[in-house]
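Residue numbers (the working numbering), protein chains in the order written: chain A, 71 to 226; chain B, 514 to 1095.
Watch out, some of these pointers could steer you wrong.
Taking lysine-lysine pairs in the DSS-like style, the calculated list, with each CA pair at most 27 angstroms apart, reads [what the hints assert, rightly or not]:
hint : chain 1 : residue 1 : chain 2 : residue 2
1    : A       : Lys117    : B       : Lys790
2    : B       : Lys619    : B       : Lys577
3    : A       : Lys98     : A       : Lys151
4    : A       : Lys105    : B       : Lys619
5    : A       : Lys107    : B       : Lys1036
6    : A       : Lys120    : B       : Lys771
7    : B       : Lys771    : B       : Lys826
8    : B       : Lys933    : B       : Lys1018
9    : A       : Lys120    : B       : Lys577
Since the hints were made in silico from the structure, they are not lab data.
So you can see what is in the structure, the chains are spelled out below.
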Amino acid sequence: MSKNSDFSNNSKADDFLQLVTFKIGNEKFGIDILKVKEIIRMVDITKVPKSPYFVDGVINLRGKVIPIINIRVRFEMKRVKSDSNTRIIVFELGSKIIGFIVDEVNEVLRIPNSSIEKPPELITDIDTKYISSLAIWNNQMIILLDLNKILTISEQ
Amino acid sequence: MPEFDAEMLEIMESFFVETEELLDNLGQDLTRLDRGDSDPDLLNGIFRSVHTIKGTSSFLGFGKMCELAHGSEDLFNRIRKAELQVTPERMDVIFDVYDLFRSLLKKIRTEGNDEIDLTDILAKLQAVNQHESSKITSDEIGKQIDKKTNDVTLKKTSPPNSNKPIEPADTTVRVDVKRLDSLMNLVGELVLSRNRLFQYIHQPPNQIDTNFIKNLKESSDQINLITSEIQMAVMNARMVAIEKLFNKIPRLIRDLSKNLGKNINLQISGEETELDKTIIEELNDPLIHIIRNAVDHGIETSKERETIGKDPKGTVKIKAEYNGNQIIITIEDDGRGLDVEYLKKKAVEKELITESQAEQMPQRDVLNLIFQPGLSTADTLTNISGRGVGMDVVKTNISKLKGIIDIESEAGQGTKIILKLPLTLAIIQTLLAKIGSEIFSIPLDSVVEVIRISSYEIETVNGNEVVLIRESVLPLLRISDIFDIEEKSQKSSWIYVVVIGLAEKRIGLIVDFLLGQNEIVIKSLGDYLGKVPGIAGSTILGDGRVVMILDVSDIMKLSKEKLTQVKIRNKSKWYQEIPFEV
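With these hints in hand, go ahead and build the complete structure from the sequences.
Structure below.
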């Protein structure tokens, strides 16, 4: 665990962003912790016919049926088999509760806003339209995703 | 609704609910009065209703409503004191008054005021509120009224009132206190069971022995039983007797008979049968339409009937009854029935089917043609029905309720329309079927039957699979045709087919296994996925698995794209052309 908190009295909560970081493939990502409802282990996913290509299906979360997105597929990466590290991050976007599959979940980081910048073009394999910003922290590049764009099912 | 403050709104809401109820009762009472019922209690009841309306409308400042109530109150008072007789002429005016009350209430609801011109109705009231000896005066007034042909108020009340749009739906339900008490009791029992189970789990004995397991099992069984009963009790609380709907029918028949010059004997039974409130609301329009058809096109005029040896009075029978988990509503008339040949001719004319198709079509399919938009056997459009857009709307409404509609008819004898509706929409019985690697849930209300056929019986024509069942062609559908499911290769020669039906259409769904029946709660797929074609929702099985529920109506639509006209060989080995309408 890296030392990542700065408890000086000058800093206000607004200057920091708390992120849950996770990995998909070789890239490290972060999502605002306030949006995360829970993180669960991988479970069986029931397929939903005629759903968008990146929706793997739905799961039963304590009696509620929620859809599960496969971000790898969304980013046009290869599908992989789930292993003991695979997790599902359940988040809330507006009134919708949705989960997405990640290869592994890492630590929660508290990153100052000053470390967050707009992404340069063509930095990764991932279509930059899905990236909202980048954070550089401890020599790591953490990609912050634009969940709205990822979820939007565009007319084909 | 105009801006009322919160307290006022509450008062207004009560006013609406109460007055609606008063008017409902008044409507029923007036129909009885019209039929000749002279029970003093009835007359008193009518007077009281009008008197109450006068009071409440005056209290809230609705001047016109009060005026109308005041004007008619006197008439009712005289009738109940036997100073005046109930005559058809008076009843006409009374019904006009009743309709105007409804209009006023509606105006108050939608516009906040009751400004409707009452001069004509008040004049009419005055005219009938006199003894027969002063008939001259009423004739004179009548002439004056006739002169005002452009009067909007008159026009509003003269067409058959069955054409009036339905009042804004009432979002409350009256629940018998007994039902709530029973629910309270059940909840009490549930609490006790829960406590028992809770205690077992949180304070288990030192040794988990068979006794403990037995106690747990008993607790679970108890909770199971009580939950089912609570489910029934809550469903019951939402139920409303179909009487609410049936009560409008005598008035409807009266108006229709009058306007169309038919003589009708109405028989209603089963009005105590109860339905979920939402279903009753949706049934209103289809029912009215079917009855209009029966009176307008079905029943012949008295003269015609006499000529062919029938009772000059036509009979319309409306019945509601339970059948298992469904409610069956039948509307039967002894009129001219549907002319199959005429239907065929019209369908060919409108290019819905070809001549050769028409020749070979079995009677049941011909009768079902009336559900096609655009097909109306009325040569002239009447004000009431015959626009040719009615029956297909009825079918759509019934399908929305996940119901089935059937027609039986004998030319010259009459027509019978049978509606089959499920009792509830949120918790349903389903059939679990395994198709390939997936399990699907099929709503049992849409399942007509389950059959087992051998793979040899399947005929493939034009790329479509069909099977001949009891002389009727059943199109077959494989789920892999519409969803991307991998199918198991068919090793066995036996094939299970679930015949699903919607309105009058039937299709056979090929499944691998039947896993049994269960009762499930429909869960939507959520806002994100929204409505997926072919899927009505999902549910969670006892083991935690999520299963998709098939949307029968979507499946029918999706399969239509796959199926086209079919030629098959029937038993006597000559070719038939049967139109493939799914």
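Each hint tested on the structure:
no.	hint	result
1	A:Lys117 <-> B:Lys790	34 angstroms, violated
2	B:Lys619 <-> B:Lys577	13 angstroms, holds
3	A:Lys98 <-> A:Lys151	19 angstroms, holds
4	A:Lys105 <-> B:Lys619	47 angstroms, violated
5	A:Lys107 <-> B:Lys1036	21 angstroms, holds
6	A:Lys120 <-> B:Lys771	54 angstroms, violated
7	B:Lys771 <-> B:Lys826	13 angstroms, holds
8	B:Lys933 <-> B:Lys1018	14 angstroms, holds
9	A:Lys120 <-> B:Lys577	58 angstroms, violated
Of the numbered hints given earlier, the model fails hints 1, 4, 6 and 9; all others are met.
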